[in-house]
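Start from chain A and add chain B according to the hints.
As you go down the protein sequences, you meet chains A and B in turn. Residues in the first sequence are numbered from 909 upward in steps of one, following the numbering used here. Residues in the second sequence are numbered from 4 upward in steps of one, following the numbering used here.
Misleading hints may appear alongside valid ones.
Stated by the list, open to error - Here are the simulated EDC-like pairs of lysine to aspartate or glutamate, each with C-alpha atoms no more than 16 Å apart in a straight line:
{"id": "1", "chain 1": "B", "residue 1": "K470", "chain 2": "B", "residue 2": "E489"}
{"id": "2", "chain 1": "B", "residue 1": "K174", "chain 2": "B", "residue 2": "E7"}
{"id": "3", "chain 1": "B", "residue 1": "K174", "chain 2": "A", "residue 2": "E934"}
{"id": "4", "chain 1": "B", "residue 1": "K242", "chain 2": "A", "residue 2": "E926"}
{"id": "5", "chain 1": "B", "residue 1": "K174", "chain 2": "A", "residue 2": "E926"}
{"id": "6", "chain 1": "B", "residue 1": "K487", "chain 2": "B", "residue 2": "D440"}
{"id": "7", "chain 1": "B", "residue 1": "K560", "chain 2": "B", "residue 2": "D73"}
{"id": "8", "chain 1": "B", "residue 1": "K560", "chain 2": "B", "residue 2": "E80"}
{"id": "9", "chain 1": "B", "residue 1": "K138", "chain 2": "B", "residue 2": "D81"}
Said to hold, decoys possible - Chain A stretches covered by chain B per the calculated footprint, using a threshold of three residues with CB under 8 Å from any CB of chain B:
{"id": "10", "region": "919-931"}
{"id": "11", "region": "938-948"}
{"id": "12", "region": "951-958"}
{"id": "13", "region": "961-973"}
{"id": "14", "region": "989-997"}
{"id": "15", "region": "1004-1012"}
Honestly, the hints are just simulated from the structure, not real lab data. The beta-carbon is built from N, C-alpha and C at its ideal position, and this holds for glycine as well.
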Amino acid sequence: MSIHIDAELCLNCGLCREICPGHIYETGEEGRVICGLPSDCWGCTACLKECPTQAIGLYLPPEAGGRGALMKVKVEGHQLNWLVTHPDGRVETLSTNRLLANNY
Amino acid sequence: MKKEVIKADILIIGGGAAGCYAAILAARGSQAKIVVVDKSNIDRSGCLAAGVNALNAYIGPGHQPQDYVDYARQDAEDIVRGDLLLTMSERLNQVTADVESLGLTILKDDQGRYIQRGWRNVKINGENLKPLLAKAVRGLETVTVLEHINVTSLLAGQNRIAGAVGFGILKPVQYIFKAPVVICAAGGAAGLYQPNLGSHNRHKMWYSPFNTGAAYAMGLKAGAEMTTFEMRFVALRCKNTIAPTGTLAQGLNARQINGLGEDYESRYGLTTSQRAYGTWREAQEGRGPCRLSAKNLKPEQIRDIYKAYLNMAPGQTLQWLEENGPSQPQPGHSLDLEVEIEGTEPYVIGGHTAAGYWVDTDRQSTVRGLFAIGDAAGGCPQKYVSGAWAEAAAAVPAALYFLKNCEPIPDCNGQAQEALKEAQTFLERKKSLFEIDALEEAMQKIMDDYAGGRSSGYAYNAGQLEKAKTYIVDLSLSVDENLKAEGPRQLLKIYELKERLLVCRCLIAHLSARQETRWPGFARHSDFPDPNPQWRCYVNSRLVQGQIEIFQRPLVKEGERYVHSY
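If we strip away everything but chain A, and leave its shape as in the complex, we get (with noise of 0.2 Å):
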């Protein structure tokens, strides 16, 4: 699994359920929309650019080389800005833009 909800800040809007293009999120039990099939995940962030709340990150899993960093992206406009914070508590932003194209 890649993905994970914090359910404190999720508003139960189905946006995910409705973008996600391998149909992992589902309806549970008391109507609460959750990731039912995790390891469908392509890790495409489709839902974590939907997500109202950024209740939604991206994390790499052990056998993938991850070390417990937990990505997460709010879109504004144009820009996405990409939030990453790493397991000491150490947070990184990156920002892109898409007026901007790659430059290599």
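The following block gives chain B in isolation, referenced to the frame of chain A:
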């Protein structure tokens, strides 16, 4: 199960890059009623869900479309359709400019000229390429977009298309599409073989794991001819994240280095297949790990590369941040960027190699009224994203012409009824003897062990392929006789497995047929380890009464106009 009948003039199956652009062109060029049907939400469906940071097919200044044909032909060791490559290449720049007008960001110099990466690539921000295309499609009055529907089969009679059948993924509804023209723009096939990572990381693959070969399977079932499945695609990718490597190789001129620090890049040749082969062989002979290495970068270059990957494969940026430290290196930090690289599982994919539907020069398949574009269409490798748009541009005028002049569609109500019966068998069965995932893993293991997967060094022999065929046929029967679907989501999984199994059967037949080794990085026939000029021809196939029939066709050159003899 509820039933809905949907009538259209043109049905487009698959709302990825190719399908969306085909819808835009068809709506511009006609008043036809167009329906786009997709397995998920077209904002993020297909292989560009995370984005892409370059268009790899473009004709730069000083070059001609013929140069692209020559390049692709050399890369595929001659097994290409010249007519398809040329008609694609001639349209690349026009479709790129058109999509730019829809909002795509392309890197330009002060004078407004594209800044290129080599003569064939332009650099973009394609993170929102799918949302841009989807927005354009949704804004068209004559286009209806239907999402979360899995199309399982085509409707066709007397070798003439009549529509398609699909099932809802979020709700139990059978959809019957009736259309005189169908454009199949669904994706290629991933997950046929054991992926690079196992268990709960199994979907960490380069190509979309949700592209399960539906296009090919529905075509085969409808009697359409296929070509060149045996030219599998093995991609050279970043270890663990399986992210693309072109940004490093072409954007930073990173070199391929083995574990001894030797640059092995030119040791095996420079075609796509040879690069994959070289990396495999270096590791095989104990000189791993192989890496892509860019030395002495500036801090801002490292930051830009991290950003470039966020717009395409964000997991790779996350890995760098975890492994290498911050994107703005502090004094004393290394300014080298290295990634371990490895070959992927073999994919069947018409956008990179020549596998797919056998089409005429207008992209019409051997089933009249059924067109194929993008990853679905064969014979035209190295098309990538812009080439898929170019194929839409080539196919749509022909599809509209066909629509104007065609006879009424045959009655296929019986076929729709059969499809419903099959789905209901899965839904109404009392219990499953196996888990669906367990049978998927069994398929991947058979393919890996006996049909040249990663664990077999991409090699196979006639005896192994025979075993693969037997086991895959047995497994297909087991799926039909034993699996139960607990609702529409599991029905989707069963159909995805069925699609993959049929593609596997066809692929095994193609691998057996081509008695030579032409693309050593993609597929090596151990009984015939060298290329053989006798095989300068296409290997084509059809499903006839449940059996894959294989036959050869002579090469088609550019300048020829290929038409089917129905």
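Comparing the hints with the structure gives:
1. Between the alpha carbons of K470/B and E489/B the distance comes to roughly 32 Å, so the proposed pair goes past 16 Å and is violated.
2. Taking the CA atoms of K174/B and E7/B, the gap is near 12 Å; set against the 16 Å cutoff, the hint holds.
3. The straight-line distance between the Cα atoms of K174/B and E934/A is roughly 12 Å, inside the 16 Å bound, and the hint therefore holds.
4. For a cut-off of 16 Å, the pair hint linking K242/B to E926/A is broken: about 31 Å separates their Cα positions.
5. At most 16 Å may separate the alpha-carbon atoms for a hinted pair to count; K174/B and E926/A meet this at roughly 13 Å.
6. For a cut-off of 16 Å, the pair hint linking K487/B to D440/B stands: about 12 Å separates their Cα positions.
7. Simply put, K560/B and D73/B have alpha-carbon atoms about 11 Å apart, close enough for the 16 Å limit, and the pair holds.
8. Our distance criterion of 16 Å between C-alpha atoms is met by K560/B and E80/B, whose separation comes to about 14 Å.
9. Pair hint K138/B plus D81/B does not hold up; C-alpha atoms about 39 Å apart against a cutoff of 16 Å.
10. Against chain B, the region 919-931 of chain A contributes 6 residues with a C-beta closer than 8 Å to a partner C-beta. That satisfies the three-residue criterion, and the hint holds.
11. For the region 938-948 of chain A, the assignment as covered by chain B holds, since 3 residues bring a beta-carbon within under 8 Å of that chain's beta-carbons and 3 suffice.
12. Counting residues of the region 951-958 of chain A whose CB lies closer than 8 Å to any CB of chain B gives 4, so the stated coverage by that chain holds, three being the minimum.
13. Check on the region 961-973 of chain A: 7 of its residues sit with their Cβ under 8 Å from a Cβ of chain B, so the three-residue criterion for coverage holds.
14. Restraint check on the region 989-997 of chain A versus chain B: 3 residues with Cβ-Cβ distances below 8 Å, three needed, restraint holds.
15. For a cut-off of 8 Å, the count of residues in the region 1004-1012 of chain A with a CB near a CB of chain B stands at 9, and the three-residue condition holds.
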